[in-house]
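Asker: Letter by letter, the chains look like this.
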Amino acid sequence: MNAPARSLSRWVGAAALATTALTVWLGLWVTPPAKVQGTLVRLLYLHPPIAWVALYCAFGVAALSSVLYLWRRTRSRFWDRLGASAVEVGVVFTALTLVTGSLWGRPTWGVWWTWTARLTSTALLLVLFLGYLALRRVPADPDVRARRCAVAALVAVVDVPIVSFSVDWWQTLHQRGTVLNPGLTLKVHGSMAWTMGLGFLAMTLVFVWMVLVRYRIEALSDRLGDDELEISLSERWAEGAMGTAVEPTATVEPAAVEPVAVEPAVVVEPAGGRP
Amino acid sequence: MWRDALLVAEKDLRIELRSRVALWQVLPFAVLVLVLFGFALGPGPTTLRAAAPGLYWLAVLFSTVLATQRSTAIESGEGTRDGLRLSGIDPAGVFLGKAAAVAIQLVAVQLLLGAGIVVLFDVHLETWWLALVASALATVGLSAAGVLYGALSAGLRVRETLLPLLVLPIMAPVLIAGSRAWSAAVTGAVASGASWLKILGPFAAVYLAVGVALYGPLQETA
Chain A
3 MNAPARSLSR WVGAAALATT ALTVWLGLWV TPPAKVQGTL VRLLYLHPPI
53 AWVALYCAFG VAALSSVLYL WRRTRSRFWD RLGASAVEVG VVFTALTLVT
103 GSLWGRPTWG VWWTWTARLT STALLLVLFL GYLALRRVPA DPDVRARRCA
153 VAALVAVVDV PIVSFSVDWW QTLHQRGTVL NPGLTLKVHG SMAWTMGLGF
203 LAMTLVFVWM VLVRYRIEAL SDRLGDDELE ISLSERWAEG AMGTAVEPTA
253 TVEPAAVEPV AVEPAVVVEP AGGRP
Chain B
816 MWRDALLVAE KDLRIELRSR VALWQVLPFA VLVLVLFGFA LGPGPTTLRA
866 AAPGLYWLAV LFSTVLATQR STAIESGEGT RDGLRLSGID PAGVFLGKAA
916 AVAIQLVAVQ LLLGAGIVVL FDVHLETWWL ALVASALATV GLSAAGVLYG
966 ALSAGLRVRE TLLPLLVLPI MAPVLIAGSR AWSAAVTGAV ASGASWLKIL
1016 GPFAAVYLAV GVALYGPLQE TA
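Protein sequence lines correspond, in order, to chains A and B. Numbered by my numbering, the letters in the first sequence go through residues 3 to 277 in order. Numbered by my numbering, the letters in the second sequence go through residues 816 to 1037 in order.
This is chain A alone, in the form it adopts within the complex (with noise of 0.2 Å):
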């Protein structure tokens, strides 16, 4: 990971950091209780944002670089590493909409879940993006692993229309989009409609900053899988030329970290994968 990425990660991170914390304070102690909801309201700074994370962020980073790898002139381990984190991160805030929503749906519809169309639909997208995690968790060589994610993620997004149409036949309890409603007028007023705009800034700079941190992670496990082997690789014929008393100085530091050249081309796919 070359620094700009890292010093981007960073600062993006700072600014996640700080919109979030704004938004806490503007909607625990500054906003006013709304009139009918009371204090309730102070949910809905993030539950609305986090949803747009995960449904649109999230699966829409997943769908069009699922597209960008199976396209073969743009096909590039990036786009299935971006890919794979998007989704990640996209199953930890479908799970915080469902969460959050419900602790709202509590109190105010009196009970934890009901069967409307956009609850079904969430649930339902959760399950199968945790069948795509599932599938990448399983060992492969890296490029079919890549393809059959890739595959996998774009057919779970084809489906999600017809889930929703399907189950939105159903429509009963669920509010209509409150901000997103057909004509673009903003419902809500003063400084609850700042802080739920900060809440959406905010919950998406998070969801950049763990996509960045999470593709970091595979980049460089990637890159052990790599090294590990020539590492390994070194340090066995290091051993080798000490046991034939062949001068050790000239093979490899086994300590080495830069990825060495070792001599007889070692480009064996490491079958297994991750560790």
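Derived from the structure by calculation, the hints contain no laboratory data. Bear in mind the structure is a predicted one, so any value in this text is a computation, not a measurement. Built from N, CA and C at the ideal position, the CB exists for glycine as well. Do not take every clue at face value.
What the hints assert, rightly or not - Label-pair restraints from in silico Cβ distances:
#1 A:R139 to B:L856: 35 to 41 Å
#2 A:S104 to B:S834: 43 to 49 Å
#3 A:F80 to B:L899: 30 to 36 Å
#4 A:Q39 to B:P860: 45 to 51 Å
#5 A:Y58 to B:A930: 43 to 49 Å
#6 A:A36 to B:Q840: 54 to 60 Å
Given the coordinates of chain A, work out where chain B should sit on it, guided by the hints.
Answerer: Chain B only, in chain A's frame:
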């Protein structure tokens, strides 16, 4: 592509005819599911009759998982996939052929299950054409989605546990729309039942299209 599809479907069905896995395993399993549902819900005829469409479709879904697992297992023998690739057959044709073979097995499963809910749960279909159209569309969609996911999990050691997790949520719209349409067919509410076909139709079309487009890339090295 179509000729290739026909060849592959013929091959799969011939293997099935000789091994009789669907006949001796999938069909009895489907009936077993119905009987177990009967045990779970108790012998009250009204409860069973009301639940019958949903139970029917759940049994169909479970049988689809079994049928696709079998369909994938056929290709997982030593060198089988390489042989198929070397034969120069269009991957889209392979996909369509395998889906057709699974669809034909599903038709057999559904005939048996249909008879099963009539006999066991005392269900009477008011508008049978609605149930028939819903089943036909759902069969196409289920077999296409199933074969696509079968290819996705092919060659993995954890295939048996992974495939249901991947494929059952994808098939949820079919379960919803299919059982709604069948409920309508039982009560004779044609208008509300027919509107569910608008989900089953696009589901089938989407998964056929996605399968034709993506089966090739999946087979490249998998």
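Asker: Hint by hint, say whether it matches the structure.
Answerer: Verification of the supplied hints:
1. A:R139 to B:L856: 35 to 41 Å: holds, 37 Å
2. A:S104 to B:S834: 43 to 49 Å: holds, 48 Å
3. A:F80 to B:L899: 30 to 36 Å: With a Cβ separation near 32 Å, F80 (chain A) and L899 (chain B) satisfy 30 to 36 Å, so the hint holds.
4. A:Q39 to B:P860: 45 to 51 Å: Once the Cβ atoms are compared, 46 Å apart, the range 45 to 51 Å for P860 (chain B) and Q39 (chain A) holds.
5. A:Y58 to B:A930: 43 to 49 Å: holds, 46 Å
6. A:A36 to B:Q840: 54 to 60 Å: holds, 59 Å
The structure agrees with every numbered hint stated previously.
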